[in-house]
Amino acid sequence: MKKMLFLAITLFLAGGVLYAQTQPLSKKEQRAADRAARKAQREAQKRAAAIHDQLLFEAAVDALKNKSFVLEVDRLEFKRGRMMNVQSNTNFISVDNDRAVIQVAFPFGISGPNGIGGITVEGVPSGVEMSTDKDGTVRLKMMVQGVAVSARVDLLVYPGSNSAVATIFPNFNSNRLTVSGYLYPVGEAHIFKGRSL
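In this text, residue positions in the sequence shown follow our numbering: the first is 31, and each later residue adds one.
There could be a bad hint or two in this list.
[What the hints assert, rightly or not] Straight-line C-alpha distance at most 30 Å; calculated DSS-like pairs for lysine-lysine:
| no. | residue 1 | residue 2 |
| --- | --- | --- |
| 1 | K109 | K57 |
| 2 | K109 | K97 |
| 3 | K97 | K164 |
| 4 | K97 | K223 |
| 5 | K69 | K58 |
| 6 | K164 | K69 |
| 7 | K171 | K95 |
| 8 | K57 | K76 |
| 9 | K171 | K97 |
| 10 | K76 | K164 |
| 11 | K95 | K164 |
| 12 | K69 | K109 |
| 13 | K57 | K69 |
| 14 | K58 | K109 |
| 15 | K95 | K76 |
| 16 | K95 | K223 |
[Claimed, not checked] Using C-beta positions, here's what the derived DEER-type ranges look like:
| no. | residue 1 | residue 2 | range |
| --- | --- | --- | --- |
| 17 | N201 | R129 | 13 to 21 Å |
| 18 | E159 | A63 | 49 to 57 Å |
| 19 | K109 | R129 | 25 to 33 Å |
| 20 | N119 | E59 | 18 to 26 Å |
| 21 | N201 | R72 | 44 to 52 Å |
| 22 | R225 | N127 | 51 to 59 Å |
| 23 | N96 | K69 | 20 to 28 Å |
| 24 | Q53 | N119 | 56 to 64 Å |
| 25 | F199 | N96 | 20 to 28 Å |
| 26 | R206 | V158 | 32 to 40 Å |
| 27 | F222 | H82 | 20 to 28 Å |
| 28 | G157 | R110 | 24 to 32 Å |
Hints are computed from structural coordinates only; laboratory data are not their basis.
Note that the Cβ used here is the ideal one computed from N, Cα and C, for glycine as well.
Build out the structure end to end from the sequences listed, making use of the hints.
So this is what it looks like as structure tokens:
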């Protein structure tokens, strides 16, 4: 008897739940449900983007450690604060083992020494030092010495993304250049190298 009563109560409660779920929602309830669904979707997208950015950051840090990276530059800032947006496939700083390349190509449509409107210099990286500050920003310092280049390069990669900024300090003048863009392992970069000096 107790089993039958328990079964009847269970079926009655389950039927009530099913009945409640099949009732159409009011417009107000439907709008609230839609808002909640959109909010959950936005939060899921933000979490996915944060995970993606963190993976890019970790790949960038590994590339720095392996001395096999490319900073694709999309913005130049000159000594006196003048800024210029540029194409990232022709403006870059790269290091691949024992070769460093610094290339700048201006978007003026004129030819330069490298054949693409700027200058390309190659050298040997030395004195490479890498550190991480308390905020998680990764800093790489190096000297690049070659036939047409003698410069110090200070590069920062910010935590949580592969966004990076580098400042180039030529040893033969005070015309420093600050560049910003995104840092990738050499195999994932999309760059076009011009003729070197």
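Now the hints, each set against the structure:
{"no.": "1", "hint": "K109 / K57", "in the structure": "60 Å, violated"}
{"no.": "2", "hint": "K109 / K97", "in the structure": "27 Å, holds"}
{"no.": "3", "hint": "K97 / K164", "in the structure": "23 Å, holds"}
{"no.": "4", "hint": "K97 / K223", "in the structure": "18 Å, holds"}
{"no.": "5", "hint": "K69 / K58", "in the structure": "16 Å, holds"}
{"no.": "6", "hint": "K164 / K69", "in the structure": "33 Å, violated"}
{"no.": "7", "hint": "K171 / K95", "in the structure": "12 Å, holds"}
{"no.": "8", "hint": "K57 / K76", "in the structure": "28 Å, holds"}
{"no.": "9", "hint": "K171 / K97", "in the structure": "12 Å, holds"}
{"no.": "10", "hint": "K76 / K164", "in the structure": "25 Å, holds"}
{"no.": "11", "hint": "K95 / K164", "in the structure": "18 Å, holds"}
{"no.": "12", "hint": "K69 / K109", "in the structure": "45 Å, violated"}
{"no.": "13", "hint": "K57 / K69", "in the structure": "18 Å, holds"}
{"no.": "14", "hint": "K58 / K109", "in the structure": "58 Å, violated"}
{"no.": "15", "hint": "K95 / K76", "in the structure": "29 Å, holds"}
{"no.": "16", "hint": "K95 / K223", "in the structure": "23 Å, holds"}
{"no.": "17", "hint": "N201 / R129: 13 to 21 Å", "in the structure": "19 Å, holds"}
{"no.": "18", "hint": "E159 / A63: 49 to 57 Å", "in the structure": "55 Å, holds"}
{"no.": "19", "hint": "K109 / R129: 25 to 33 Å", "in the structure": "27 Å, holds"}
{"no.": "20", "hint": "N119 / E59: 18 to 26 Å", "in the structure": "52 Å, violated"}
{"no.": "21", "hint": "N201 / R72: 44 to 52 Å", "in the structure": "50 Å, holds"}
{"no.": "22", "hint": "R225 / N127: 51 to 59 Å", "in the structure": "21 Å, violated"}
{"no.": "23", "hint": "N96 / K69: 20 to 28 Å", "in the structure": "41 Å, violated"}
{"no.": "24", "hint": "Q53 / N119: 56 to 64 Å", "in the structure": "58 Å, holds"}
{"no.": "25", "hint": "F199 / N96: 20 to 28 Å", "in the structure": "24 Å, holds"}
{"no.": "26", "hint": "R206 / V158: 32 to 40 Å", "in the structure": "19 Å, violated"}
{"no.": "27", "hint": "F222 / H82: 20 to 28 Å", "in the structure": "26 Å, holds"}
{"no.": "28", "hint": "G157 / R110: 24 to 32 Å", "in the structure": "28 Å, holds"}
Of the numbered hints listed earlier, those contradicted by the structure are 1, 6, 12, 14, 20, 22, 23 and 26.
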